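**Q** Work the whole structure out from these sequences, hints included.
If you count the sequence shown from 1, position 188 lands on 188 in this note's numbering, and the numbers rise without skipping.
Everything labelled a hint here was simulated from the structure, so no lab data went into it. Any given hint could be a false lead.
[Stated by the list, open to error] Subject to a maximum C-alpha distance of 25 angstroms in a straight line, what follows is the list of computed DSS-like cross-link-like pairs (lysine-lysine):
id: 1; residue 1: Lys214; residue 2: Lys251
id: 2; residue 1: Lys269; residue 2: Lys158
id: 3; residue 1: Lys187; residue 2: Lys203
id: 4; residue 1: Lys214; residue 2: Lys203
id: 5; residue 1: Lys289; residue 2: Lys158
id: 6; residue 1: Lys175; residue 2: Lys251
id: 7; residue 1: Lys215; residue 2: Lys198
id: 8; residue 1: Lys158; residue 2: Lys198
id: 9; residue 1: Lys214; residue 2: Lys187
id: 10; residue 1: Lys187; residue 2: Lys198
id: 11; residue 1: Lys175; residue 2: Lys187
id: 12; residue 1: Lys214; residue 2: Lys175
id: 13; residue 1: Lys32; residue 2: Lys49
id: 14; residue 1: Lys215; residue 2: Lys251
[What the hints assert, rightly or not] So the derived label-pair ranges between C-beta atoms look like this:
id: 15; residue 1: Asp122; residue 2: Gln184; range: 52 to 60 angstroms
id: 16; residue 1: Gln204; residue 2: Asp122; range: 50 to 58 angstroms
id: 17; residue 1: Ala77; residue 2: Gly19; range: 18 to 26 angstroms
id: 18; residue 1: Gln118; residue 2: Gln45; range: 49 to 57 angstroms
Predicted, not measured: the structure shown is a model, and the values here were computed from it. By construction, the Cβ of each residue, glycine as well, lies at the ideal position given by its N, Cα and C atoms.
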Amino acid sequence: MQQIDLNDMRFFVTVIQSGSLTHAAEQLNVPKSRLSRRLTELENQLGSKLLDRNRNGVRLNDLGEHFYQHALIAVEAAESAVNSVADCLATPRRLLRISVSSEILRYWLTPHLSHYLQQHPDVELNITMENRRANLLQEGVDIALRIGELDLDDVVAKHLLDIDSGVYASPHYLKANGTPLTPQELKNHRLLHKSDGKNWLFKQGNQRELVQGKKALQANDASVLAQLVEDSYGIALLPELSGLIQPHWQKLLPDWQMESVPLYAIYYKNRGLAPTVRTFVNFLSEVAKNSPK
Numbered sequence: 001m002q003q004i005d006l007n008d009m010r011f012f013v014t015v016i017q018s019g020s021l022t023h024a025a026e027q028l029n030v031p032k033s034r035l036s037r038r039l040t041e042l043e044n045q046l047g048s049k050l051l052d053r054n055r056n057g058v059r060l061n062d063l064g065e066h067f068y069q070h071a072l073i074a075v076e077a078a079e080s081a082v083n084s085v086a087d088c089l090a091t092p093r094r095l096l097r098i099s100v101s102s103e104i105l106r107y108w109l110t111p112h113l114s115h116y117l118q119q120h121p122d123v124e125l126n127i128t129m130e131n132r133r134a135n136l137l138q139e140g141v142d143i144a145l146r147i148g149e150l151d152l153d154d155v156v157a158k159h160l161l162d163i164d165s166g167v168y169a170s171p172h173y174l175k176a177n178g179t180p181l182t183p184q185e186l187k188n189h190r191l192l193h194k195s196d197g198k199n200w201l202f203k204q205g206n207q208r209e210l211v212q213g214k215k216a217l218q219a220n221d222a223s224v225l226a227q228l229v230e231d232s233y234g235i236a237l238l239p240e241l242s243g244l245i246q247p248h249w250q251k252l253l254p255d256w257q258m259e260s261v262p263l264y265a266i267y268y269k270n271r272g273l274a275p276t277v278r279t280f281v282n283f284l285s286e287v288a289k290n291s292p293k
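**A** This is how it looks when you write it as structure tokens:
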């Protein structure tokens, strides 16, 4: 026996439930002639008549009644399967694993997490704070939040915003060591660097100044550098995130611009359609949109 088309079974069930080909064709939004052909094809595949047709409509014969009971179960099961997928796509219901760098988690993401969780109570977040570049696939990470330029394959890197940077020191440090008035004067001070090893580039109009001073300390966590600034140990280049920069610090060389750093949400292309990933990325985009410029 040939494989039966599920659509033909759905047509058959609808004809029986509506009582006529005309009414069934209207419900299914198909031409009556097509519906009649599909029913005939179904009967040919089964090798027997299922319906008695007359001017008043259609009537099941004994074999048709038997087939109808089983066809109804199959059609309802198929519709239930389709609806279950639609429900899953509409409502996120699963664990979401997030990998995020320390300063972004502490000073940018955490203040907004409760709002997301209140809006999506069926989502459970598992957040790992790390500054290295996670292997999303091997570590089971759904979304990674990273700052800086990326060179990654097979992933979507959605740009969220650019974070400004500035050079900061405490008043006590400046009183003890003097205030640098030009980028090159920074070479005479203790400089606190991120561990990416990059030198500091200052811009003022068309002028560029690259500072390659002695690195007193390198750390991959901006909060470590911020604590050393607070302890008056040195001068640090820091992302200007609310809560990280203390109001009593002094911003140095304010007439010079520092390079901003981009923040990305990174996820695998084939996970971008998952409802939990989609809703969290949309949430991140909204947070970025409302972040102070």
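**Q** Each of the hints needs a verdict: does it hold here or not?
**A** Against the structure, the hints:
no.: 1; hint: Lys214 <-> Lys251; result: holds, 20 angstroms
no.: 2; hint: Lys269 <-> Lys158; result: holds, 11 angstroms
no.: 3; hint: Lys187 <-> Lys203; result: holds, 17 angstroms
no.: 4; hint: Lys214 <-> Lys203; result: holds, 20 angstroms
no.: 5; hint: Lys289 <-> Lys158; result: holds, 13 angstroms
no.: 6; hint: Lys175 <-> Lys251; result: holds, 14 angstroms
no.: 7; hint: Lys215 <-> Lys198; result: holds, 10 angstroms
no.: 8; hint: Lys158 <-> Lys198; result: holds, 24 angstroms
no.: 9; hint: Lys214 <-> Lys187; result: holds, 7 angstroms
no.: 10; hint: Lys187 <-> Lys198; result: holds, 15 angstroms
no.: 11; hint: Lys175 <-> Lys187; result: holds, 17 angstroms
no.: 12; hint: Lys214 <-> Lys175; result: holds, 20 angstroms
no.: 13; hint: Lys32 <-> Lys49; result: holds, 19 angstroms
no.: 14; hint: Lys215 <-> Lys251; result: holds, 19 angstroms
no.: 15; hint: Asp122 <-> Gln184: 52 to 60 angstroms; result: holds, 56 angstroms
no.: 16; hint: Gln204 <-> Asp122: 50 to 58 angstroms; result: holds, 51 angstroms
no.: 17; hint: Ala77 <-> Gly19: 18 to 26 angstroms; result: holds, 24 angstroms
no.: 18; hint: Gln118 <-> Gln45: 49 to 57 angstroms; result: holds, 54 angstroms
The structure is consistent with each of the numbered hints, conforming to all of them.
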